[in-house]
Amino acid sequence: MSSQPRSFTIKVPATSANIGPGFDVVGLSLSLYLTLKVDIPAPSTSTFIPPKITYTGEGAEEVPLDAYKNLTTRVALYVLRCHSIPSFPSSISIHCHNEIPFGRGLGSSGAAVIAGVLLGSALGDLKLTPARALDFALMVERHPDNVTAALV
Numbered sequence: 001m002s003s004q005p006r007s008f009t010i011k012v013p014a015t016s017a018n019i020g021p022g023f024d025v026v027g028l029s030l031s032l033y034l035t036l037k038v039d040i041p042a043p044s045t046s047t048f049i050p051p052k053i054t055y056t057g058e059g060a061e062e063v064p065l066d067a068y069k070n071l072t073t074r075v076a077l078y079v080l081r082c083h084s085i086p087s088f089p090s091s092i093s094i095h096c097h098n099e100i101p102f103g104r105g106l107g108s109s110g111a112a113v114i115a116g117v118l119l120g121s122a123l124g125d126l127k128l129t130p131a132r133a134l135d136f137a138l139m140v141e142r143h144p145d146n147v148t149a150a151l152v
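Counting from 1, one number per residue, gives the positions in the sequence shown under our numbering.
Each hint should be verified, as a subset may be incorrect.
Simulated DEER-style distance windows between Cβ atoms [claimed, not checked]:
#1 Leu65 / Pro43: 31 to 37 angstroms
#2 Pro43 / Pro101: 35 to 41 angstroms
#3 Pro86 / Arg132: 39 to 45 angstroms
#4 Pro86 / Ile19: 39 to 45 angstroms
#5 Pro101 / Pro144: 18 to 24 angstroms
#6 Asp39 / Leu138: 16 to 22 angstroms
#7 Leu138 / Thr47: 35 to 41 angstroms
#8 Ser84 / Arg104: 33 to 39 angstroms
#9 Pro144 / Thr47: 40 to 46 angstroms
#10 Asp39 / Gly103: 29 to 35 angstroms
#11 Thr45 / Lys11: 30 to 36 angstroms
#12 Ile49 / His83: 18 to 24 angstroms
#13 Lys11 / Arg81: 22 to 28 angstroms
#14 Pro50 / Ile19: 37 to 43 angstroms
Quick list of in silico lysine-lysine cross-link-like pairs, DSS-like style, CA-CA up to 27 angstroms [as the list claims (entries may be wrong)]:
#15 Lys11 / Lys52
#16 Lys69 / Lys11
#17 Lys37 / Lys69
#18 Lys69 / Lys127
#19 Lys11 / Lys37
#20 Lys52 / Lys69
#21 Lys11 / Lys127
#22 Lys127 / Lys37
#23 Lys52 / Lys37
No lab work stands behind these hints: they were computed from the structure.
Backbone N, C-alpha and C fix where the C-beta goes; we use that ideal spot for every residue, glycine too.
Work the whole structure out from these sequences, hints included.
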């Protein structure tokens, strides 16, 4: 992981796999997004400062802001640990803005999982291929129709 300060954005679309004869087989992405804005400051102390998560939009009052309970950051940490990176960078801040309603068949959990895989890849500078990112997503989210559409 880099010791230089950096910022980046991850934007993942809502999806639907409720498509007539392609139900739960064919997925498509929609124009609603889960957007993460990530800031990683340069290391300034040897004391680890846990991630700070803020959240706006759909479901803001329901989403855990603890990085070890939030679905997106738990997936990111899983990806990092699978690559022998034990923790998030110190003092990282993640602002999530969500336009995807929960529990409405629009792939909100799939978007959160894909965002987590992409976050882990970016934080660890892993450069995961789409196929490898999909492998990680499918270890968590058992709806390949939704996560594939969200990733691609």
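Verification of the supplied hints:
At roughly 23 angstroms, the beta carbons of Leu65 and Pro43 sit outside the given window of 31 to 37 angstroms. In this structure, Pro43 and Pro101 meet the distance hint of 35 to 41 angstroms, their C-beta atoms being roughly 38 angstroms apart. Checking the proposed 39 to 45 angstroms range against Pro86 and Arg132 shows it is violated: the Cβ atoms sit about 20 angstroms from each other. About 41 angstroms separates the C-beta atoms of Pro86 and Ile19, a value consistent with the hinted range of 39 to 45 angstroms.
Distance hint for Pro101 and Pro144: a CB-CB separation of about 22 angstroms, consistent with the stated range 18 to 24 angstroms. Asp39 and Leu138 have their C-beta atoms about 29 angstroms apart, which leaves the hinted 16 to 22 angstroms range violated. At roughly 36 angstroms, the beta carbons of Leu138 and Thr47 sit within the given window of 35 to 41 angstroms. At roughly 38 angstroms, the beta carbons of Ser84 and Arg104 sit within the given window of 33 to 39 angstroms.
Distance hint check: the CB atoms of Pro144 and Thr47 are about 41 angstroms apart, consistent with the given range 40 to 46 angstroms. At about 30 angstroms, the CB distance of Asp39 to Gly103 agrees with the hint of 29 to 35 angstroms. In this structure the supplied range 30 to 36 angstroms holds for Thr45 paired with Lys11, their Cβ-Cβ distance being about 31 angstroms. Our hint of 18 to 24 angstroms for Ile49 and His83 holds, since their Cβ atoms are close to 22 angstroms apart.
At roughly 25 angstroms, the beta carbons of Lys11 and Arg81 sit within the given window of 22 to 28 angstroms. In this structure the supplied range 37 to 43 angstroms holds for Pro50 paired with Ile19, their Cβ-Cβ distance being about 41 angstroms. Proposed proximity of Lys11 and Lys52 is supported: the alpha carbons are some 19 angstroms apart, at most 27 angstroms. Annotation: proposed proximity of Lys69 to Lys11 holds, straight-line Cα distance about 21 angstroms (limit 27 angstroms).
In summary, the hint linking Lys37 to Lys69 is supported, as the alpha carbons are separated by about 19 angstroms, within the 27 angstroms threshold. With a CA separation close to 25 angstroms, the supplied pair Lys69 and Lys127 stays within the 27 angstroms bound. Our distance criterion of 27 angstroms between C-alpha atoms is met by Lys11 and Lys37, whose separation comes to about 9 angstroms. Among the hinted pairs, Lys52 with Lys69 is consistent with the structure: their alpha-carbon atoms are about 12 angstroms apart, no more than 27 angstroms.
Between the alpha carbons of Lys11 and Lys127 the distance comes to roughly 17 angstroms, so the proposed pair stays at or under 27 angstroms and holds. A distance of roughly 18 angstroms separates the Cα atoms of Lys127 and Lys37; the hinted pair therefore holds under the 27 angstroms criterion. At most 27 angstroms may separate the alpha-carbon atoms for a hinted pair to count; Lys52 and Lys37 meet this at roughly 12 angstroms.
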